[in-house]
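Chains as they are written, first to last, in my numbering: chain A, 1 to 679; chain B, 1 to 679.
No wet-lab data here; the hints were simulated from the structure.
The reader is advised that the hints may include incorrect statements.
[Said to hold, decoys possible] Here are some of the chain B residues that sit facing chain A, going by a computed Cβ distance under 7 Å:
1) 297
2) 621
3) 623
4) 626
5) 627
Just so it is clear, the structure is predicted and the values come from calculations on it, not from any experiment.
Here a beta-carbon is modelled for each residue, glycine too, at the ideal position from N, C-alpha and C.
Here is how the chains run, residue by residue.
Number of protein chains: 2
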Amino acid sequence: MLQGLSADAGGPRFTPLVVVELVSDAKEEVIAWLLGRIRDQQQNGGAELLVEQLDHGVGDQEKVNPNLFVVGASWQRLLSGAEDVGLFKEYSDGSMRGFTCANKHNFKDFKGDGGSFLSMAECQYIIKHELDTLRAKDETHVPGYSRAKLYPGKSIIRRLQSKGILVQIFPLHEKEELKRLSFSWYKKVKLSLQPLDDIRHYFGEGQALYFGFLEYFTFALVPLALIGVPYYLFDWEDYDKYVVFAVFNLIWCTVILELWKRFSATLAYHWGTLSRKKAFEEPRPGFHGVLGFNPVTGREEPLYPNAKRLLRIYLVSLPFVLLCLYLSLYVMMIYFRMEGWVLSIHDEDPTFWTGVLLFIPSIIYAVVIEIMNLIYRYAAEYLTEWENHRLESSYQNHLVLKVLVFNFVNCFASLFYIAFVMQDMALLRQSLATLLITSQILNQFMEAFLPYWLQRRRNKKMIRKAQKRRTLQDKELPLVEQVRLEADMSTYLGTFDDYLELFLLFGYVSLFSCVYPLAAVLVVLNNITEVYSDAFKMCHVFKRPFSDPAANIGVWQLAFEAMSVIAVVTNCTLIGMSPQVKAYFPDSDTQLILWTVAIEHGLLAFKFILTFLIPDVPKHIQTKLSRLEFESLEALKKKRPLHGGKCWKPRSSPRLSCEEEEDEEEEKRRRSRRRSHRF
Amino acid sequence: MLQGLSADAGGPRFTPLVVVELVSDAKEEVIAWLLGRIRDQQQNGGAELLVEQLDHGVGDQEKVNPNLFVVGASWQRLLSGAEDVGLFKEYSDGSMRGFTCANKHNFKDFKGDGGSFLSMAECQYIIKHELDTLRAKDETHVPGYSRAKLYPGKSIIRRLQSKGILVQIFPLHEKEELKRLSFSWYKKVKLSLQPLDDIRHYFGEGQALYFGFLEYFTFALVPLALIGVPYYLFDWEDYDKYVVFAVFNLIWCTVILELWKRFSATLAYHWGTLSRKKAFEEPRPGFHGVLGFNPVTGREEPLYPNAKRLLRIYLVSLPFVLLCLYLSLYVMMIYFRMEGWVLSIHDEDPTFWTGVLLFIPSIIYAVVIEIMNLIYRYAAEYLTEWENHRLESSYQNHLVLKVLVFNFVNCFASLFYIAFVMQDMALLRQSLATLLITSQILNQFMEAFLPYWLQRRRNKKMIRKAQKRRTLQDKELPLVEQVRLEADMSTYLGTFDDYLELFLLFGYVSLFSCVYPLAAVLVVLNNITEVYSDAFKMCHVFKRPFSDPAANIGVWQLAFEAMSVIAVVTNCTLIGMSPQVKAYFPDSDTQLILWTVAIEHGLLAFKFILTFLIPDVPKHIQTKLSRLEFESLEALKKKRPLHGGKCWKPRSSPRLSCEEEEDEEEEKRRRSRRRSHRF
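Okay, chain A solo, but in the shape it has when bound:
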């Protein structure tokens, strides 16, 4: 995997892994300085990586950015980097262990010469990590840019990024690998499962977990879809049967979410991310504050008081979100009033034009909702940025929460209104079907057709370019062209929107399942096409993303669980409102409501007990984890001194390479042994 591209004419003399693009008018000083720091030895605070500027290519184009650099690393540097990032690999005894240079030969598939031990995605992740942790020494600002301040310990790449000197940094695709992956993934019509391991191998754990969840979710809905079909076909408009269906649905939702946790833990264990300790998280690029010492690491970095952030969240963001929700509801009420007004006009004097008028409110409402979603998304990003979160994960969580709540209200408010205020089940069923089907068609268009069209346009461009440089006889694209092409591809912005879509679909299935059992069928169909369109867009539309060593689907698990709790409430209410159930309590509404509430509470309690009873990690994985922990405890008993007491001073000493560290280590031990002999 590390061969193949390096023999190219005009290419660098190492396997290029990652591309760094600076602005085209970047000053010479900063380029020289950055390359120097990247190449410099680790003792001197460098990253000890290989980096080369890309040739200008054929040179006939004026507009191309000359400041494109490819970064690679020697095999040994990659190994010590793998240890730095705490990569877990399969050990010779079949368990997953943190990779260390010292006992590298005990890992499965380890060959001294490189080979397939580290996947290219892992190598790229390592290089990204090493670039990110390249820190300023005594520079007070970026050379040539006196306004881009630096202080000892500040990540250079992040400062360059936040000042716009660094345009982007992205990993390269592997054409051969990608061809193989896309063939086994979506290019053949097949009944087999997705090649999750291959996806993880190429795109990393975060992506693979998304596709795993998408597939799991689809399969989990199949039983519901199978039960839903006869309801639709035989017109079982009988709520007695709906009750059975709804209760099954509620328990099913809880069970599948719990089982997913177990499944995802199994996946994450085998991918080595489950027990991997997260390295200390650095501040995100946009984070700012007064310079001080981080209480955890003792390193110099900007500090921002938590109280101030909380004030911003509770006094500005929270009221803003509530205001937006209120606005969204207000718009919905206007829509319903317009709808009623138009209907009354049509009823009074039905002509062709009033018939057309009937569609106007829906169209306006749909457009307004889309605009609101768009504006809100920008506002949410701006506000979350302004809240100045120190960690990327915290920023993401706050953004997800904001967008989630608004989207939930925007999508479901009208359905809630129809169901519980208007109490019109026929209209509810109709709206639900309309919403599901339109959103499905829209999605397929945005995610399959649009990418396909983009891809065709790109192909044409490629052909035009190929014609220009007909002199080059080889069929393979030269590295320069590949890099320029990929630099132009859109950037994949993470799994956020994909999960959001699944979340809303899950809402349609679970919230109103008892009035529209066919929803599951529609969602299953949607998901099947979704797999293909998402796979296609990952492989051919976007730049390759850096792999993200996720151990689970994070905040989305919580979001799905919250949805399944709300589903209990809505379904119980819907059942309680049905005329068939009302018939059981002919003389007393009170009795009916009390029973409904009691059953709802019972179901909620049962749900929580179920969540509690099903262990989150399967027994055999749990055993393996305990074994690892037990062994590390046993190993700790073979005691040695901690390097304690000095952690409070900012560390500027560069990390050393494997061998040297060992020697230093040795020396330290000898000293400490002498100390303990004294006693």
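Given chain A, put chain B in place with the hints provided.
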């Protein structure tokens, strides 16, 4: 602290820490063998502790058991034991770190000669751990007892215990220390807080956390009590005000439980139990099964299939518990019917005898409840034992759950019936007051008067004995007498019953707070006396318990939280049922119920969000924990080989002492370094 007792005439030549009592007719072989194993060096699989048989004392008593042994250890053995159990002590930089022999000089208060570095409770805990991990080598059975089977790796002490050869093993009290503790704790009337650190120092973390929780709970109730008093005094029988009170109460309950988690984390951090890694838990003494290899440790031990245990739990224990609950409800119904029947007799023909008859049902019901509680407790213990849990913690959790549910139903079922079926608020208030006050008086009697009486009887016995051995002139009790006296004291069975009592009190306060605001006042009064009686009984009635390195109150936190969720439901229902609230919805019960349910759901949601928003560990503790983790990650980067690959074979090799291990370690490192040089 380690001096003082050793100079005693006839006593052993070391500080006695723990007493081991064998049955009086124990065979000579087993005694010789056990003492040999305890004294033997660690290389040979012994515990390397000091042990001596206690003198028969004055010798005039025939009935005394001669097989009493005191166990102690050398200072250095205690230190290496402290490392074995993973004790956390304060480091020179103020953080808490796992103690290791190698850098012992970097710990605060460490003096080479012993001194106060390890508290006596810690020493006793270490000795208990070392005795517990004393394992059989190639013995097939206990010498002299061919039916007490052994296999390599089986804990000797546990086998002796389960076969009844070992009667008990308990730590000794320290008279001086105890006198000082009891003076600062409860012997003076004072307004200061309890000396939690001293309690922890003497009794260990589990006890200290209980007293900390008791005190915290009392203080947390003071605001409620202060608000409750005017309600009672000025007869604010006005539900509008009760609504305010109830909502405040509900939010308050959530907040105090969350804040307790933070407070307990702070305590546990400073006591070194928060970040302490639990050693791998050994099977509990009564655990049995087919001999096999533990998948985690690779050691030989009995295995019992989990599926079988689950079958026992779900097919036997669960139905049994449900049956008992049904029975309890049935008995309650009989009580209410008897009550009604007696009332009707009295109403028909009111005489003195029918007046007396009025009390009969309550008395019978109270007695029956007590009997049921007692029988159920035995049944629960038997069933949980029969479920054959591998771990003591799992056994405890299952027992707590069983007893908790039954006690909850037994205590609150009649109140629920009065409140929601009979809807008689006056009777509810009266029953609540009666229950609270009687349970309080009973408790004070059982926990303060009874112990006092026992204590007086004990004192008399001591005086009688002292008269007999008037020849001994010293005022201090000789060790032999002290040991014999303490061996006769009752055994403290853990904090279970104390927490259960608090749990029920919490139920009275939270479940029905909106009809009886005075409950908080009564509970506060009860808790204040409870502190004194519990402290007295810990110091003077029971044997000293082994300290239990708890980091939190465990399953009880969950139980209290569950209670506060149920409280939301009951309080909302009570408020909804009140005539004052009903007056707002004069024409429609439905509206009233819907509003009540909506508000209840809102409160529940708010509660969960609040639980989610308040972090469980205070920021400054979190920072310290992350710093420790960060440092250990940094230290891990100073890599060294794992001792991997061999963990699957049963380990019979004895653990070595500090120094030797270091040498072995050194050798291993050298070998591995050679390996890594090869590459």
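Right, here's what the structure says about each hint:
1. 297: Holds - the Cβ of residue 297/B comes within 7 Å of chain A, reaching about 6 Å at its closest.
2. 621: violated, 12 Å
3. 623: Holds. Min distance 5 Å.
4. 626: Result: holds, 5 Å to nearest chain A Cβ.
5. 627: Nearest chain A Cβ about 5 Å off; hint holds.
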